[in-house]
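Chemist: Assemble chain B with the ligands onto chain X, guided by the hints.
Chains X and B supply the protein sequences, listed in that same order. The first sequence begins at 1 in our numbering and counts up by one. The second sequence begins at 313 in our numbering and counts up by one.
Hint data in this document are derived by calculation from the structure and do not stem from the laboratory. Glycine included, every Cβ here is placed at the ideal spot set by N, Cα and C. You can trust all of the hints, since none of them are fake.
Computed footprint of chain X on chain B; a stretch qualifies when at least three of its residues, placed anywhere within it, have a C-beta under 8 Å from a C-beta of chain X:
| id | region |
| --- | --- |
| 1 | 345 to 356 |
| 2 | 399 to 411 |
| 3 | 416 to 422 |
| 4 | 539 to 551 |
| 5 | 554 to 560 |
Keeping only pairs whose Cα atoms sit at most 30 Å apart, straight-line, the calculated DSS-like set for lysine-lysine is:
| id | chain 1 | residue 1 | chain 2 | residue 2 |
| --- | --- | --- | --- | --- |
| 6 | B | 707 | B | 656 |
| 7 | X | 289 | B | 517 |
| 8 | B | 707 | B | 653 |
| 9 | B | 638 | B | 517 |
| 10 | X | 52 | B | 565 |
| 11 | B | 318 | B | 587 |
Residue strings, one per chain:
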Amino acid sequence: MSEEAPPKIMRRKPVTDHPMSDLLRIDRFPHVWCPTCGLGTVVNCLGTSILKTPEVDPNHIAVVSGIGCAGRGAGYLRFDSFHTTHGRALPFATGLSLSRPDMKVIVFSGDGDIVSIGGNHLIHAARRNMDMVVICVNNFIYAMTGGQTAPTTPTHARSSTSPFGNSDPPFNLPYLAASCGATYVARWTALHVRRLQKSISEVLKKKGFSFIEVISPCPTLYARLNNLGTGLDLMRFYHDNSEINNDADLKSLDINFKGKIICGKFVDLDSPTYRDRYDEENEHILGDKFIPYDLPDFPHISSNSDKEKIEK
Amino acid sequence: MTGKIKQIKTVPADPRGVLTGSHYLDGDHAAAEGCIAAGSRFFAGYPITPATEIAERVSARFPRIGGIFVQMEDELASMNAILGASWGGAKAMTCTSGPGFSLMMENFGLGIMLETPCVLANVQRGGPSTGLPTLVAQSDMMQARWGSHGDYEVIALVPDSPQECFDLTITAFNYSELYRMPILIMMDECVGHMTERVIIPEADKIRIVPRRYTTESPSTYLPYKADDDLIPPMPPVGEGYRFHVTGLTHDEKGYPVMNAATQKKLVSRLINKVKDHAEEIIITDEKYMDDAEIVLLSYGITGRVAIPAIEKAREEGLKVGSMRLKTVWPFPEKRIREMSKHIKGFVFPELNMGQVVLEAERCACGNCKVVRVPHAGGWVHDPEVIYDAIKEAAK
Ligand SMILES: Cc1ncc(C[n+]2csc(CCOP(=O)(O)OP(=O)(O)O)c2C)c(N)n1
Ligand code: SF4
Ligand SMILES: [Mg+2]
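Only chain X is shown next, with the shape it has when bound in the complex:
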């Protein structure tokens, strides 16, 4: 009997670090979010998408948040990150994006923040096709302040300020964003991690105003006030009640209490951004006299002098 060589043991590099440790502010953990809250999953999807999109340099990503549970996102993501005021992430991001076209500006915030108090900014940033990615985490409620009605709360759902049920109709966010001019519109739930990651990867490589709604469980407030169980139960609900239809009529995307959630990528088109139009319009009239905005002077410290990367 010939001696057989012992089977080769595949030796992997030992894992000493969390794969996302470069992209998260681990020194801030534990985070403030509740167990089984969907926000961690959404942050994870954003991080994974960035890792999987080598075209974008993490040093050239900025995250801007407003105020709320979702608004804490900027605090945990290790990029140049800005935690602003309630509702104002989009105009802050507008200034940042216009002054720094070399940066990929991502707004990460909640439904109340972006659609209620910041609603005016949403429609105008979309109309102008401002170059930014908006990740709107919709938990159907104002969570940070204790579960009050949001403009996304489904009719009949209970909140702390609609104790007998919400009488108002909610916004249909994809329809709203698309009708205002967003050039990329998608909706996923926190359960659709791979599809959400794919969407984020797509918008990271895209110019213009991209809007991704992420339906996300808030077990502590939305679920508790409406007897919907735990975060896991909500995930199960998404599993059983969501339907993917990229071709869905935008008008049909309303979300009813305990109703179906239609997900998908609904809009993906190319259209000139605010900056493109500004330059074109002025150049058309001024000709040679037009001087386009250039990056301001700032010290270059990082080794990767990737000036070529600057997309116009």
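Modeler: Below, chain B with the ligands without anything else, positioned relative to chain X:
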């Protein structure tokens, strides 16, 4: 002890934006030229009388000098857009008047908290509410001081002429970089809409304070670790610092920390970085002060309206001096307190029902008379009324 403000090497203005020469401009247009000469290449605004002309001129000039202008959906957005642009590295400005100033207040506070250099011009009109859209007032002076919630100090400059609108806008940008905060230019409808000669110097005669960037490497840099002069140098965006800033109370790392000790440390520094440098920040225009027994305090257009009253009183032998404040906030409290011990009284006309005069009363502490000369706005004072007030102080 707080160190003297770090002297940053100034640079000459970018000649591309400087319209060197003698011009006939109104105050709004002059402020726009000041903004451009100071090196601003980002402006966000929302139309409002009597400030709109600043935005209009900038919007016409920017495409020829490499600037980017954006008319935002409201003043909340304008204020935030300039904060974002400033973090991006641009020198950024917005302008407004009373109603828009109210809307900007929350995020003016964000600018204070994040320590963001930028400039906000308020061309004051009569209030409250919509008030007198086309007519003069100086009634937002206390709002400038206290309009956003919380404890903080502000720097507010007040020009009295189109020339000063130009000059002080440049000063405002320089202060914003030196003290790392939003600076207020408290114009008024009269100064904004009056047309006079404005001399714009050659670019190399205009000194610009560049941004005070950190020299630390990303691995050791702390966004809110201040130098001896209480000012923390800024990080450049996009260069691997991966810093975090928040409107929440934060530590040197920029991370939120919710306790009384961190609050005390942060708020004290935000206040002291202005208070401890007040002498360097305060600019005044003084006349006849050597022998003054009565001091006429004023700012903006009211300083000019008071001139005939002062001249008339001096002709009659009354020893009246004039101290026009180009910096109203921080208020020159040391000077006023000291002066109050040696003079008969202050006279303080303002186009409001009594705002900054409260500071003069506080500092005079009963040592001398403080004569109020209030005016509800809509027109400037009759110099005779100011003259009568001088006589009253001399009694
Ligand atoms: C001007 C202002 N108004 C109100 C608040 C209080 N506030 C903080 S978070 C929040 C709601 C956040 O809701 P959402 O954006 O949906 O975030 P969530 O907590 O649900 O993730 C409100 C009303 C505030 N911080 N600022
Ligand atoms: S309250 Fe809701 S949204 Fe906020 S952290 Fe808890 S589960 Fe998440
Ligand atoms: Mg919410």
